Amino acid sequence: METFAKKRLEAFIESPVLHRFIGILESQGVRGYSVLPVVSGSGSDGVWSREGSVTAAGQMVAVVCIVSPEALEPLLDKAFAMLSRHMGIVSVSDCEVMRGDRF
Amino acid sequence: MHDILNLAGSNLLSPPVLFFALGFAASFARSDLEVPQAVAKALSLYLLLAIGFKGGVAVASHGLDTKLVSTLAAGIVLSAAIPFLAFALLRIVTNLPRVDAVAVAAHYGSISIVTFAAATSVLATSGIDYEGYLVAVAAVMETPAIVSALLLLRWSGANDDQGENANASASELWREIALNGSIVLLTGAFVIGWVTGEKGLGDIAGFVVDPFKGVLCLFLLDMGLVAGRGMRQGARDLSLPLVGFGIVMPLIGGVLGAGAAAVIGLSAGGAMLLATLAASASYIAVPAAMRLAIPEARPSIYLSLSLGVTFPFNLTLGIPVYVILGNIAGS
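Which chain is which? The protein sequence lines are A and B, in order.
To convert a position in the first sequence, counted from 1, into this note's numbering, add 20.
To convert a position in the second sequence, counted from 1, into this note's numbering, add 71.
Calculated directly from the structure, the hints in this document are not laboratory data.
Warning: the hint list may mix true and false statements.
Said to hold, decoys possible - Far from chain B, by Cβ distances over 12 angstroms, these chain A residues were calculated: (1) S35; (2) D65; (3) G78; (4) V84; (5) I86; (6) M107; (7) G108; (8) I109; (9) S113.
What the hints assert, rightly or not - Facing chain A, according to a computed beta carbon distance under 7 angstroms, are these residues of chain B, among others: (10) Q108; (11) P358; (12) P366; (13) P370.
A quick note: this is a predicted structure, and the numbers were derived from the prediction, not measured.
Glycine included, every Cβ here is placed at the ideal spot set by N, Cα and C.
Let's have the full structure, built from the sequences with the hints guiding it.
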């Protein structure tokens, strides 16, 4: 089966900035993305956990999307401008998809 | 004085405070007790709905008058002014970086709706009347502190290198603050209670009145767990002067709130509640706003201080003190 080379962007970001990040994805024409809850974890800025939190301030979420290689660079520029002051990690990896016209 | 000591004792031994203590102790003992996040969220929504609705009903019964408007204005002024006082105090007694000091100061200008709920519960148990519209004052005190924090940020030069970035997202920030879920629900439930009045309360009393104290206990169990965890994790970031600030600042706020109540002419119960609002520190609306506005500020400091020091202090020892202040200031 033929597959198509794409880029998989995975961002672990603070819950309060989720709407802003999704706004960037949509403004860059990203039609599909998934938001996943992050149960708990630890990083250079400390630990976080979803359990029992009364505020979104201490929570993280993961956003995963697949984009075409040419769409990646402008998307990363926008994402960096917004996320550079915040906690989180953005990673990019190569992936193959079956329906290339969807990304 | 004997009555006040009795009240302090009965407050410490009341179910809500004891459930908070249970959660706090369980967290310190590293028990695996936990309240799932979805349940904690649902409890929080219930409390906001019930508090807002009952406050609206109280205004419908009481009607609008100059005292209500004066109390709302006093709440806004207190919320806006306290962060400046807190920031100055923090800069004098601690060596916190400015961004952290601004974020902490914002928390102390805003309010804790659960401390307010616990205070109303104490008044109800003690048979002390209060002006029901104080819940509307709680709603208006949520955000002025955030405005003050942003002004402090600009004036103190704490965020100079981020000026362009901050301005670019200012309108978005204000939209997000105004539409913060807790503020929308509290205000919306208040308006619904106001519109539907006593008849509306009669229709849903079985939901918003009878289970309230039990739900408050479960929520405070969770708050105890969160506060204990926050204290454990934030202990290395909280210096002794900072912990002292977390205890002294609510007392200063309480005195200011009681003073404003005396000027307005609120009842003893109303003065106690205004003192409690001015004394409490936010842990829902402001932390989220600070993550957006001042991401450089460390949540391990402002959340640990607000949740791990000031909230337990207010719940256990602060509320009886505010009852005394209310008795002195109230008419």
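Using 7 angstroms as the Cβ threshold, decide whether P366/B counts as touching chain A. The hint holds - P366/B has a Cβ within 7 angstroms of chain A, the shortest such distance being about 4 angstroms.
Status of D65/A, Cβ more than 12 angstroms from any chain B Cβ: 8 angstroms, violated
Hint P358/B vs chain A: min CB-CB distance below 7 angstroms? Nearest chain A Cβ about 3 angstroms off; hint holds.
Checking a non-interface call: every C-beta of chain B should be farther than 12 angstroms from the C-beta of M107/A. Is that right? 7 angstroms, violated
Beyond 12 angstroms on every Cβ pair: is that true for I109/A relative to chain B? 15 angstroms, holds
Restraint: Q108/B near chain A, CB-CB cut 7 angstroms. Satisfied or not? 5 angstroms, holds
May I ask you to check that V84/A keeps its beta-carbon over 12 angstroms from the closest beta-carbon of chain B? Nearest chain B Cβ is 21 angstroms from V84/A, so the label holds.
Close enough to count: is the Cβ of P370/B nearer than 7 angstroms to one in chain A? OK, holds: P370/B within 7 angstroms of chain A, min 6 angstroms.
Outside-interface status for S113/A - nearest CB in chain B farther than 12 angstroms: 26 angstroms, holds
Beyond 12 angstroms from every Cβ of chain B: is that where the Cβ of S35/A lies? 8 angstroms, violated
Interface exclusion of G108/A relative to chain B, criterion Cβ beyond 12 angstroms: Violated: least Cβ distance 10 angstroms, not greater than 12 angstroms.
Is the nearest Cβ of chain B still more than 12 angstroms from the Cβ of G78/A? Given a closest Cβ separation of 6 angstroms, the condition is violated.
Hints 1, 2, 3, 6, 7 from the list above are not met by this structure, while the remaining hints are.
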